[in-house]
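*Asks:* Residue numbers (my numbering), protein chains in the order written: chain A, 1 to 302; chain B, 1001 to 1296.
Since the hints were made in silico from the structure, they are not lab data.
Where a beta carbon is used, it is the ideal one built from N, C-alpha and C, also for glycine.
Careful: at least some of the hints might be erroneous.
[Said to hold, decoys possible] Listed next, with one range per pair, are the computed distances between beta-carbon atoms: (1) B:L1149 / A:L110: 41 to 49 Å; (2) B:Q1054 / A:G128: 43 to 51 Å; (3) A:Q142 / B:R1064: 25 to 33 Å; (4) A:S18 / B:P1205: 50 to 58 Å; (5) A:D59 / B:P1086: 44 to 52 Å.
[As the list claims (entries may be wrong)] Sample of chain A residues with no beta-carbon within 12 Å of chain B, all distances over it, derived: (6) T26; (7) L42; (8) T45; (9) P68; (10) H210; (11) G258.
[Said to hold, decoys possible] Covered stretches of chain B (chain A as the covering partner; in silico rule of three or more C-beta atoms under 8 Å from a C-beta of chain A): (12) 1140-1150; (13) 1251-1264.
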Amino acid sequence: MSKTVAAPIGVLKTADRSLISRRVWTFLRRWPVLPCLILAVLAVTGAVPDLIAPRDPYDAVLRQRLRPPAWMEGGSSENLLGIDHLGRDVLSRLIHGARVSLILAVVVVLISAAVGTVLGMISGYYGGLVDDFVMRLVEIKQAVPLLLVAMIAAMVFGQSFTLLIVVLAFWSWTGFARQVRTEVLHLRTREYVLNAKIMGASTFRIFSRHLLPGVSNVVVVLSTLLVGSLILTESVLSFLGAGIPPPRPAWGSMIAEGREFLTNAWWIATFPGVAIFLTVVAFNFLGDWLRDYWDPRLQQTR
Amino acid sequence: MFMVFTVIIVSAIIFAMSRVQGDPRFMYLDNNTTKEQWDAWGRQMGLDRPIVVQYFVWLGKAVRLDFGQSMWEKRPVTDLVMNRFPNTLQLGAAAWIFAVVVGLPLGVLSAVMRGTAWDYLGRTIALFGQALPPFWLGIMLILLFAVQLEWLPIGRKGGPDHLILPAITLGWLAAAGLLRLVRSAMLEVLDSEFVKLARAKGVTPWLVIWKHALRNALLVPLTYSVLILSGFLAGTVVTETVFQWPGVGRLAVQAINTNDFPTMVGAVLFATVLFVVANLLLDISYAFIDPRIRYR
Chain A
1 MSKTVAAPIG
11 VLKTADRSLI
21 SRRVWTFLRR
31 WPVLPCLILA
41 VLAVTGAVPD
51 LIAPRDPYDA
61 VLRQRLRPPA
71 WMEGGSSENL
81 LGIDHLGRDV
91 LSRLIHGARV
101 SLILAVVVVL
111 ISAAVGTVLG
121 MISGYYGGLV
131 DDFVMRLVEI
141 KQAVPLLLVA
151 MIAAMVFGQS
161 FTLLIVVLAF
171 WSWTGFARQV
181 RTEVLHLRTR
191 EYVLNAKIMG
201 ASTFRIFSRH
211 LLPGVSNVVV
221 VLSTLLVGSL
231 ILTESVLSFL
241 GAGIPPPRPA
251 WGSMIAEGRE
261 FLTNAWWIAT
271 FPGVAIFLTV
281 VAFNFLGDWL
291 RDYWDPRLQQ
301 TR
Chain B
1001 MFMVFTVIIV
1011 SAIIFAMSRV
1021 QGDPRFMYLD
1031 NNTTKEQWDA
1041 WGRQMGLDRP
1051 IVVQYFVWLG
1061 KAVRLDFGQS
1071 MWEKRPVTDL
1081 VMNRFPNTLQ
1091 LGAAAWIFAV
1101 VVGLPLGVLS
1111 AVMRGTAWDY
1121 LGRTIALFGQ
1131 ALPPFWLGIM
1141 LILLFAVQLE
1151 WLPIGRKGGP
1161 DHLILPAITL
1171 GWLAAAGLLR
1181 LVRSAMLEVL
1191 DSEFVKLARA
1201 KGVTPWLVIW
1211 KHALRNALLV
1221 PLTYSVLILS
1231 GFLAGTVVTE
1241 TVFQWPGVGR
1251 LAVQAINTND
1261 FPTMVGAVLF
1271 ATVLFVVANL
1281 LLDISYAFID
1291 PRIRYR
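Bound-form chain A, shown alone (with noise of 0.2 Å):
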């Protein structure tokens, strides 16, 4: 990716701008400024939304209702991206919504990679039955449309965040499952476990100052990734009416509701649209990024 460029002899001997604009652009490219400031942003409003947010994003002022955002005809400058249809503030909706999705992806994350991990080197180490069973339970897993099965599931035991926990954490171990396992095969062999095991290190001394230092870079390009897939997953639940429970705002139901009324107020849709594109692209790249950082032989397997 960073392949450096030998810069044409001619565009260094016209200005000094373009060889600072250069600098700049490869100062860009090597480090991930721009996904880091958008998370910066992110975890900010997450962690303070009521500072930040304008107006509480539960209140509904129908008069205003369905009013544009600032720059349109009619839109004021209190509610910058508009009002919806129950006359509340989009922007002070997004701003809480940022909270919800961030913590629940948190949440899932540390839950699934600390499962994933677990079985995955108790799986890779030891092999045998234990390996066959923990794979075979990937692939059934692969096999179990999530959607509509969340979907059931939040029908039968009523829409809740717990329940939303429960089946993504279920979802996506598994990912976890494999990559570290497939690290644990190759470390296994290694001299210092080998070493290690002969010293008469205890089985839990092993995994722990051993084998788990070896894949943390692993989880952690993993967990980053995921986050930013864990978002659009939750979404998309949200929008099918089986995510987090509606008066809460999050992105995916503020689509689902704004979509009855894309031909008059096309902001109510667009905007949670926007923030959740912006968010999954800045975790991707962050992960991209320290995937290529730590282990560049890791590039192919995803």
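Chain A is fixed; fit chain B onto it per the hints.
*Replies:* Using the frame of chain A, we list chain B on its own:
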């Protein structure tokens, strides 16, 4: 053999979920029924037997494609699913064609002309495909082409032009994935000895790229393209909802929203079986593409 096992496990999960909901009799009978009527229904539906037996009875019927009657439509579920399936197949095929037509050539182009405008175009498409929520893409396409420009119909069933927007919506993500895979596979193959040899022999660049290189780079993308086709048949849930397309995905969503358990279970199992069968076909097709596998 293992595939059958997979399907059985999935069916057990779905069956268990349908029973967690509570006694199915609550769906059919109201509060005015007597104890006798209640028990009679129970016997008729086999609810007086242990749950494991109930499951196997149900599974036995399911193997013979008998999922019972839809609760509201009063028609066999199999009929309903089979009625809708051609629509889903049509949409899936159109989306698949879109994905291949966009993803394959652009993947090859961006590998061959690495670093040029083609490469950036390809990567931009891939980027959008992976990060855009599919339903939002569909909504935006409707807004732009159907509402603003009025070039294309909104969806629903109709002439071939009704297929365009849903197919793009469904196929975009797959096109992006395919593009990435083709690109990286081509980059690898173009670097190999036999391609260099072909070039050195004086084979025209066009032939080197499209015959020598592409054929050998196709194995992974082929896997992927079969996976996406089977994924489409399950993943059309979203697209069919956005475009009100009368396919199996929308049938499942409607069934879930109206608590129609037999239909729901039928549709979900149908999607699972399709996925598993597609994977089986994939394994077989490997042998045709890459003869080396046959000798393993």
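*Asks:* All hints, please: hold or fail.
*Replies:* Each hint tested on the structure:
The hinted range of 41 to 49 Å is satisfied by L1149 of chain B and L110 of chain A, whose Cβ atoms lie roughly 45 Å apart. For Q1054 of chain B and G128 of chain A, the hinted distance range of 43 to 51 Å is not satisfied, since their beta carbons lie about 36 Å from each other. Separated by about 26 Å at the C-beta atoms, Q142 of chain A and R1064 of chain B satisfy the suggested range of 25 to 33 Å. In this structure the supplied range 50 to 58 Å is violated for S18 of chain A paired with P1205 of chain B, their Cβ-Cβ distance being about 34 Å.
For the pair D59 of chain A and P1086 of chain B, the beta carbons lie near 48 Å from each other, so the given range of 44 to 52 Å is met. For T26 of chain A, the requirement that its beta carbon stay farther than 12 Å from each beta carbon of chain B is met, with the minimum near 15 Å. At roughly 14 Å from the closest C-beta of chain B, the C-beta of L42 of chain A stays outside 12 Å, upholding its exclusion from the interface. A cut-off of 12 Å between C-beta atoms confirms that T45 of chain A is not in contact with chain B; the least separation is 19 Å.
Consistency note on P68 of chain A: stated as away from chain B, and its beta-carbon is indeed over 12 Å from all of that chain's, at 15 Å minimum. For H210 of chain A, the condition that its CB be more than 12 Å from all CB atoms of chain B holds, with the nearest at approximately 32 Å. Not every Cβ of chain B is farther than 12 Å from the Cβ of G258 of chain A; the closest lies at roughly 8 Å, contradicting the non-interface assignment. Using a Cβ-Cβ cut-off of 8 Å, 4 residues of the stretch 1140-1150 of chain B lie near chain A, which meets the minimum of three, so the contact claim holds.
Judged by the Cβ-Cβ criterion of 8 Å, the stretch 1251-1264 of chain B is covered by chain A as claimed, because 6 of its residues qualify and three suffice.
Going through the hint list in order, the structure does not satisfy hints 2, 4 and 11.
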